[in-house]
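Peer 1: Chains as they are written, first to last, in the numbering used here: chain A, 148 to 743; chain B, 148 to 743.
Everything labelled a hint here was simulated from the structure, so no lab data went into it.
The list cannot tell twin chains apart, which means a pair is met if one copy fits it or any two copies do.
Restricting the straight-line Cα-Cα distance to at most 27 angstroms, the calculated cross-link-like pairs of lysine-lysine (DSSO-like) are:
1. K541 <-> K450
2. K551 <-> K691
3. K702 <-> K451
4. K702 <-> K551
5. K541 <-> K702
Computed from a predicted model, the values in this text were never measured in an experiment.
Protein chains: 2
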Amino acid sequence: MRGSGKKTGFDLARYVPVLDWGRRYTWSAAGNDLVAAVIVTIMLIPQSLAYALLAGLPPEAGLYASIVPIILYSLFGTSRALAVGPVAVVSLMTAAAIGTVTQTMEVGYAAAALTLAGLSGAILLAMGLLRLGFVANFLSHPVISGFITASGLLIAASQLRHVLGISAEGHTLVELVMSLGAHLGETNLATLLIGAGAIVFLFWVRLGLRPVLERIGVPPRLASFMVKAGPVLVVAVTTALVWRQGLDAVGVDIVGAVPQSLPPLTFPDLSLDVVAALFVPALLISVIGFVESISVAQTLGAKKRQKIDPDQELIGLGAANVGASLTGGFPVTGGFSRSVVNFDAGAETPAAGAFTAVGLAIAALFLTPLIYFLPKATLAATIIVAVLSLVDVKTLRHSWAYSKRDFGAVAVTIVLTLLLGVEIGVMAGALLSILLFLYDTSRPHVAEVGLVPGTEHFRNILRHSVVTDPRVLTLRIDQSLYFANARFLEDYITDRVIDDEALRHVILMCSAVNAIDLSALDTLDRINARLSELGITLSLSEVKGPVMDRLQRGKFLDRLTGEVYLSQFVAFSALRALSEEGGPEITEDTPRLKLV
Amino acid sequence: MRGSGKKTGFDLARYVPVLDWGRRYTWSAAGNDLVAAVIVTIMLIPQSLAYALLAGLPPEAGLYASIVPIILYSLFGTSRALAVGPVAVVSLMTAAAIGTVTQTMEVGYAAAALTLAGLSGAILLAMGLLRLGFVANFLSHPVISGFITASGLLIAASQLRHVLGISAEGHTLVELVMSLGAHLGETNLATLLIGAGAIVFLFWVRLGLRPVLERIGVPPRLASFMVKAGPVLVVAVTTALVWRQGLDAVGVDIVGAVPQSLPPLTFPDLSLDVVAALFVPALLISVIGFVESISVAQTLGAKKRQKIDPDQELIGLGAANVGASLTGGFPVTGGFSRSVVNFDAGAETPAAGAFTAVGLAIAALFLTPLIYFLPKATLAATIIVAVLSLVDVKTLRHSWAYSKRDFGAVAVTIVLTLLLGVEIGVMAGALLSILLFLYDTSRPHVAEVGLVPGTEHFRNILRHSVVTDPRVLTLRIDQSLYFANARFLEDYITDRVIDDEALRHVILMCSAVNAIDLSALDTLDRINARLSELGITLSLSEVKGPVMDRLQRGKFLDRLTGEVYLSQFVAFSALRALSEEGGPEITEDTPRLKLV
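Work out the full structure: start from the sequences and follow the hints.
Peer 2: If you want it as structure tokens, here you go:
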């Protein structure tokens with residue numbers, strides 16, 4: 148269906164996908180896109196305001212962060228349904244990063260947010276152009292799941308202050324709980340009633356409304372839309388309530404005056420110390436945002452046989468973030484719930500995103516006076532209800548059943564994120580899973596194999612009834628040989644042969660060895676020399692073509708005391724025959740390796 | 148031959164190998180050990196003094212570092228020939244670490260050396276008790292080779308100042324060359340003549356003496372010993388020269404008064420900031436020292452069918468370093484040349500080491516007055532000649548031929564070590580090789596396979612003439628599936644199937660898959676769901692027992708749209724037959740995965 152997948156020559160449409168789909172845009176598609184845009188716009192208005200609050204920024208920043216970024220993504224992104232803008236986890240990470248940097252440096256909060264978005268955009272663009280999307284693969288699912296669960300809890304805890312109408316600070320669970328506890332006595336009753344009421348109502352909308360609507364015969368699609376529109380209703384009702392009852396006068400914190408304006412042109416603070424301090428947070432925000440976004444894009448893309456190019460997605464998200472930093476926003480990425488709404492509402496092309504941007508621009512220009520009396524407690528309530536769905540108990544349960552190690556990765560990430568904050572939490576989780584992975588690869592799977600009677604197959608002697616020969620040892624190596632596992636093989640073989648006086652020949656069956664690096668080659672050389680001193684030959688069997696090509700470049704094959712056999716069966720038969728004839732023994736004259 | 152390999156129950160002899168070999172010690176073995184000890188002692192005296200000079204410590208520290216550590220290693224180590232003491236590379240690393248810490252902190256040079264040895268000992272003991280010896284596997288051969296080559300060059304450059312009789316400082320090649328250049332005018336002619344003469348003589352001994360000795364009929368073993376004794380002769384001759392000619396009065400720097408004493412009881416400075424500053428250097432010294440030592444021990448051990456236990460070696464080296472820190476020494480490890488001499492001289496048990504310690508103790512008590520006039524230029528000359536053999540051009544050439552990536556690792560490590568110092572050099576090299584390794588593992592080898600006609604074997608369609616079916620796609624996965632490579636597989640399959648309208652069944656042939664972690668399982672689940680939406684089933688074949696056990700713990704197998712087949716041939720045949728019958732199509736009722 149799409150023509151931009153070709154990889155020969157320079158294809159501008161590859162880097163600017165709009166050149167591809169834009170040419171074939173139809174009125175019918177435009178109609179569908181427009182309908183989707185209206186629905187998404189209505190959903191996005193309260194969400195944008197709420198995530199700005201979460202990031203610690205004025206509400207208009209949320210609208211601005213949704214306008215230009217969404218347009219830029221629609222030009223450069225490859226997903227047709229992805230809706231870009233502020234999302235909960237990234238907003239939390241933004242608040243944590245900026246909170247730290249503004250405490251120690253001479254930089255304004257909003258300016259630091261622009262820097263963070265700009266840096267994140269630059270990192271994403273660089274990763275896209277250098278095709279470094281694979282870096283995100285090193286965040287394992289357990290780590291991501293644990294991180295998002297813990298983030299959801301941290302976000303909910305951080306928003307409680309708005310529901311209680313008190314001031315509380317902190318970026319870890321302990322800090323937040325301590326701070327909330329210290330200020331609990333200052334709770335504002337009117338605020339609490341609005342906030343708690345909104346939470347209860349929104350939970351009911353989420354869990355209880357749909358069955359009611361279905362019972363009274365509302366079509367499923369409309370019911371689904373009405374559920375999504377719950378926050379809009381809460382915003383309208385509580386705003387009206389505060390306005391009519393004058394609740395701001397009794398201490399209910401309201402959004403207040405929001406400028407009526409299109410997104411302003413802004414420039415991030417690029418002073419060296421601020422950039423240096425925000426680089427690591429920006430990198431983490433970029434990678435986490437990308438992982439979340441690509442997963443949504445691929446899921447929705449596959450439903451319509453649309454290809455998503457991860458490296459191009461990096462460019463689309465990078466452009467969106469650069470856009471956010473130049474128009475008064477903060478870091479953005481592809482959001483899950485808004486993208487699903489966009490998809491379900493029938494969006495056919497990224498133009499739906501552009502129409503959404505127009506809708507939000509209209510809101511920013513004309514509707515902001517209407518939210519003057521919007522209580523912050525309402526926004527906090529929408530955030531709390533939204534993020535509690537991030538808490539992923541299923542993965543905890545699932546990983547416990549599947550593998551204690553994966554469970555450990557989830558648990559460690561959750562605990563560290565809650566106790567030490569989002570940045571340390573995700574970095575420690577990622578590092579831990581990489582270290583465990585490296586540990587595993589340092590011990591390759593090696594099986595001693597024997598001949599299955601009546602066949603030419605060789606199987607593990609521990610699991611199958613097979614023919615072996617005390618003079619011939621065959622080891623099947625089930626992994627490529629690298630520096631990290633070469634010594635293990637050396638130790639394994641040395642241990643296995645050193646007391647075995649009957650042994651005359653060792654065969655390494657290399658059917659699963661896709662590569663042998665220089666360290667492993669040196670190790671094989673050393674194994675060969677050691678065996679030779681014990682009067683044992685070393686042979687290889689079933690060496691793959693590319694590996695053989697490489698082995699022939701060194702002198703290892705000249706020094707090899709045995710042969711390289713095409714198949715394990717040939718090797719085993721030949722070496723058994725040799726042993727029976729009392730074939731060539733290793734003598735003092737057998738060429739030896741000069742040991743280093 | 149040895150009885151301490153058993154792993155059932157607590158076996159004290161396993162942790163204290165002397166309890167094993169000591170019980171069966173004979174007079175004959177003692178005689179051989181004594182002869183070896185005399186030879187090693189004569190060789191070690193100048194070497195110990197020289198490496199103390201290299202580490203920036205007084206000469207007696209070199210003797211002390213060889214006495215108690217050698218005894219402790221003989222009690223706890225598993226190698227029968229390894230000779231422990233100061234070695235060139237570790238002494239250089241010691242000088243670099245202490246030079247940095249004494250510049251910024253209130254700690255004496257000798258006290259910092261004790262702390263470094265103590266920390267290194269503690270780290271080695273901890274690694275041994277926790278069985279963390281595998282950590283050393285992550286230093287690849289190219290990185291070690293490059294590091295040692297660069298260290299050799301740095302050591303030679305750092306010793307030039309003693310040969311020239313000038314003062315020069317620095318821990319990188321640039322610093323050393325600049326500093327030498329600035330002081331070149333102060334060169335002391337008498338010192339230069341002694342130093343240059345010693346270098347020329349020692350090179351001749353190394354390269355030219357043996358042929359001469361062999362021509363005049365000296366037996367090879369004695370010739371070899373005479374070559375090793377070269378430094379002793381140079382020490383004696385130049386000391387006599389300085390003494391007789393009173394060259395110290397014309398500015399030849401001499402060793403001077405060395406206390407006549409057994410190793411003193413000392414305590415390392417354990418103040419927190421010093422320990423913190425020396426921790427990373429101590430870790431690097433431990434790992435590098437261990438890698439060097441274990442390699443020597445294993446090479447010599449294999450020659451006599453003696454097992455070396457890497458974790459016990461850590462304990463032996465750890466005890467030696469703790470001993471060094473308590474008796475006025477500095478970090479030690481198993482040295483290559485001295486161990487080979489020990490082995491060649493006929494050492495049978497670690498008792499040879501204990502006898503060597505006695506010899507050195509006698510030297511420390513009675514012979515130190517004799518080296519009062521020993522010129523430092525002579526010691527520097529012995530170091531320069533010794534370390535230039537560390538320069539490993541062969542590995543550079545070898546790696547260039549074998550693999551440009553391995554060559555890159557050697558070259559980067561050499562350049563960074565020379566330019567940025569030993570610590571940054573070795574860390575950057577190790578990190579680079581681990582990152583490249585991780586990059587590789589993030590793209591598993593996946594081959595599209597078809598049936599070899601007339602057999603039940605499946606081979607790569609790109610390399611073999613095989614039977615395929617447009618409705619059935621088989622992918623052989625040549626690696627375990629982990630979080631790092633799971634997304635690659637997902638992208639690969641999505642890309643492969645999305646435009647293939649004829650496709651009905653995908654089979655993943657898992658013969659080389661030893662493990663599937665939770666991330667990979669989630670990915671398989673997602674692949675299954677995506678394919679299902681495209682009307683394609685997913686099946687697995689040749690799944691290994693342990694992997695199957697684990698898969699059965701989750702719900703993946705319930706959701707799998709296809710089957711798990713015991714063999715690939717059965718899978719291919721069954722799915723072809725299904726397609727021909729127009730078998731079960733995927734319908735709306737086919738159970739689907741709830742996508743996250």
